[in-house]
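Engineer: Here the protein sequences come in this chain order: A and B. According to this note's numbering, the stretch in the first sequence is residues 1 to 318, in order. According to this note's numbering, the stretch in the second sequence is residues 1 to 119, in order.
Derived from the structure by calculation, the hints contain no laboratory data. Since the structure is predicted, the reported quantities are computational estimates derived from the model, not experimental observations. There may be inaccurate statements among the hints.
What the hints assert, rightly or not - Take a look, some chain B residues computed to stay more than 10 Å from chain A by CB distance: (1) G41; (2) Y50; (3) H52.
What the hints assert, rightly or not - Restraint ranges, calculated between C-beta atoms of paired labels, are given here: (4) S106/B <-> K311/A: 57 to 65 Å; (5) L223/A <-> S106/B: 36 to 44 Å; (6) Y187/A <-> E21/B: 51 to 59 Å.
What the hints assert, rightly or not - Below, a list of computed lysine-lysine pairs in the BS3-like style, where the Cα atoms sit at most 30 Å apart: (7) K311/A <-> K272/A; (8) K252/A <-> K80/A; (9) K148/A <-> K197/A; (10) K75/B <-> K172/A; (11) K90/B <-> K80/A; (12) K228/A <-> K90/B; (13) K75/B <-> K73/A.
Glycine included, C-beta positions come from ideal geometry on N, C-alpha and C.
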Amino acid sequence: MNTNNHYGAIVIGAGPAGLSAGIYLSRARVRTLILSESTVGGQMILTHEIANYPGVENISGYQLSGIMKNQAKKFGCEIKANISIEALNLNNDLKEVILSNGNRFTADAIILSPGGRSRTLGVPGEDILKGKGISYCATCDGDFFTNKEIMVVGGGNSALEEAVSLTRYASKATIVHQFDHFQAFEYAVEEAEQNPKISFMMESTISGFFGDEKLEGVEITDLKDGSKQNHAIDGVFIFIGYVPNTEFLQGKVELNKWKEIIVDPNMQTNVKGVFAAGDSIVKKYRQVTTAVADGTIAALAASRYIHELHKAKTLLPV
Amino acid sequence: MLYTNLKHLMTAADHKKLISENENVMVCCGRMGPMCIPVYGIMEDIQDEYPHVVFADMEFDNPEAHVIRNAPETKIFMGIPFTMYYKNGKLVKATSSIQSKGQVTSILDREFEISDVLV
Ligand SMILES: Cc1cc2nc3c(=O)[nH]c(=O)nc-3n(C[C@H](O)[C@H](O)[C@H](O)COP(=O)(O)OP(=O)(O)OC[C@H]3O[C@@H](n4cnc5c(N)ncnc54)[C@H](O)[C@@H]3O)c2cc1C
Numbered sequence: 001m002n003t004n005n006h007y008g009a010i011v012i013g014a015g016p017a018g019l020s021a022g023i024y025l026s027r028a029r030v031r032t033l034i035l036s037e038s039t040v041g042g043q044m045i046l047t048h049e050i051a052n053y054p055g056v057e058n059i060s061g062y063q064l065s066g067i068m069k070n071q072a073k074k075f076g077c078e079i080k081a082n083i084s085i086e087a088l089n090l091n092n093d094l095k096e097v098i099l100s101n102g103n104r105f106t107a108d109a110i111i112l113s114p115g116g117r118s119r120t121l122g123v124p125g126e127d128i129l130k131g132k133g134i135s136y137c138a139t140c141d142g143d144f145f146t147n148k149e150i151m152v153v154g155g156g157n158s159a160l161e162e163a164v165s166l167t168r169y170a171s172k173a174t175i176v177h178q179f180d181h182f183q184a185f186e187y188a189v190e191e192a193e194q195n196p197k198i199s200f201m202m203e204s205t206i207s208g209f210f211g212d213e214k215l216e217g218v219e220i221t222d223l224k225d226g227s228k229q230n231h232a233i234d235g236v237f238i239f240i241g242y243v244p245n246t247e248f249l250q251g252k253v254e255l256n257k258w259k260e261i262i263v264d265p266n267m268q269t270n271v272k273g274v275f276a277a278g279d280s281i282v283k284k285y286r287q288v289t290t291a292v293a294d295g296t297i298a299a300l301a302a303s304r305y306i307h308e309l310h311k312a313k314t315l316l317p318v
Numbered sequence: 001m002l003y004t005n006l007k008h009l010m011t012a013a014d015h016k017k018l019i020s021e022n023e024n025v026m027v028c029c030g031r032m033g034p035m036c037i038p039v040y041g042i043m044e045d046i047q048d049e050y051p052h053v054v055f056a057d058m059e060f061d062n063p064e065a066h067v068i069r070n071a072p073e074t075k076i077f078m079g080i081p082f083t084m085y086y087k088n089g090k091l092v093k094a095t096s097s098i099q100s101k102g103q104v105t106s107i108l109d110r111e112f113e114i115s116d117v118l119v
């Protein structure tokens with residue numbers, strides 16, 4: 001075992017769950033490494049303003065991420081961001097993580113906190129026309145659509161609230177939703193319904209995007225009878241929920257049918273020494289506060305597990 | 001000014017000087033928002049791996065950023081950040097909206113081949 005590359009715990013994911021786990025583990029003097037596929041902060045950095053994190057009246061997600069990162073580092077936690085995990089071996093007492101650059105790390109315990117990401121429609125043209133008429137962020141790109149006609153896809157709070165905010169720029173917004181009713185709160189539905197610039201295309205979905213250099217139109221499928229029609233449009237904003245980032249855990253820990261990680265109240269997965277926390281686990285409310293709480297529990301449970309593991313090893317007859 | 005650890009371009013003259021004095025330059029022009037921060041983060045993280053590339057940012061709402069906002073190649077762009085890749089002062093690639101590390105490094109590897117520097 002290469003002791004330089006061996007850690008008490010490796011945390012996968014640097015969102016609020018992973019960073020909290022890093023803070024607690026490092027403070028408990030467990031040598032800890034956080035590995036993250038993207039920039040530190042996770043979904044927090046997608047948030048312009050976090051107004052419901054107790055103790056901080058108002059802060060941007062980027063700033064809150066920076067504070068959590070520094071706090072973890074201050075306690076000695078190591079963080080490697082923008083890495084890619086090639087292999088993950090969780091079954092033995094010595095857990096192993098191999099990165100795509102060939103670096104290999106081992107640990108006594110692993111905490112999985114890979115969070116989630118925006119769901120995409122996954123239809124032809126979406127990838128190519130992203131940033132050229134297709135957007136996932138109203139605050140970022142709304143002003144490119146001043147006096148233009150747009151569609152907003154989705155039926156939850158984000159879709160309806162963002163559609164209303166986009167009417168500050170767009171001349172017309174059509175909400176395209178797959179069901180005949182919305183999942184959003186009543187107030188959000190009312191606000192959208194009362195907005196003269198907003199119209200609705202219910203029980204319909206976008207089945208394709210087209211355009212040479214930029215988005216020119218969409219193919220709409222009527223979900224009642226399967227008929228398809230093309231519509232010219234300048235922009236499409238997509239807000240259709242989130243999916244857990246657990247593809248790389250398939251077959252390694254137990255997932256439910258929505259691909260969320262199944263944990264017990266101590267955030268322990270079905271694999272010994274492997275814990276999970278945050279948006280990627282089975283739970284109802286996905287917030288920074290709940291991710292932080294999960295990360296704390298997972299770290300405390302992992303510290304205890306590591307302590308027991310070492311105790312058992314020293315008691316083994318030689 | 002953007003709160004990143006990258007080199008900040010404040011004026012069109014800064015931009016011109018940087019791309020004319022350096023062979024390989026990547027400039028990310030955006031705001032402190034969710035589509036832009038991940039790209040700045042990637043640039044900060046890969047700086048050491050790409051010592052032959054100069055990484056910089058420019059604030060999208062800075063009037064001086066017209067050199068990027070009004071470039072012919074970005075006319076069709078409708079999503080920030082606008083990320084520009086310059087070789088010997090010439091724009092060789094531009095992307096719109098958030099990009100993954102894989103997307104960024106594949107452009108860097110293709111457009112700014114390391115062998116260019118070593119030979
Ligand atoms: C637009 C938006 C606004 C929000 N606003 C608020 C708000 O105002 N208040 C609030 O409380 N909550 C808000 N939330 C929710 C909150 O951001 C999430 O609940 C929280 O970030 C979840 O934390 P997490 O650590 O579980 O996961 P994430 O924040 O998703 O972090 C996961 C981390 O894991 C990494 N990762 C993923 N897969 C891998 C892999 N294979 N290998 C390595 N690393 C990996 C990711 O790169 C990321 O760093 C918002 C979410 C969004 C999208």
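Engineer: Compare the structure with each hint and give your call.
Structural biologist: For each hint, the structure was consulted:
Against chain A, the non-interface label of G41/B is violated: not every CB pair exceeds 10 Å, the least being about 3 Å. The claim that Y50/B is not at the interface with chain A holds, since no C-beta of that chain comes within 10 Å of its own (minimum 13 Å). Interface exclusion of H52/B from chain A stands, the closest Cβ pair being 18 Å apart, more than 10 Å. A hinted range of 57 to 65 Å is violated for the C-beta pair S106/B and K311/A, which are about 48 Å apart.
At roughly 37 Å, the beta carbons of L223/A and S106/B sit within the given window of 36 to 44 Å. In this structure, Y187/A and E21/B meet the distance hint of 51 to 59 Å, their C-beta atoms being roughly 55 Å apart. With a C-alpha separation of about 16 Å, the suggested pairing of K311/A with K272/A holds against the 30 Å cut-off. Distance hint between K252/A and K80/A is fulfilled; the C-alpha atoms sit about 22 Å from each other, no more than 30 Å.
The hinted pair formed by K148/A and K197/A meets the criterion: a straight-line CA distance of about 11 Å does not exceed 30 Å. About 22 Å separates the Cα atoms of K75/B and K172/A, which keeps this hinted pair within 30 Å; it holds. The straight-line distance between the Cα atoms of K90/B and K80/A is roughly 33 Å, outside the 30 Å bound, and the hint therefore fails. Restraint check for K228/A and K90/B: the C-alpha separation of about 44 Å exceeds 30 Å, so the hint is violated.
For a cut-off of 30 Å, the pair hint linking K75/B to K73/A is broken: about 42 Å separates their Cα positions.
Checked against the numbered hints given earlier, the structure breaks hints 1, 4, 11, 12, 13 and satisfies all the rest.
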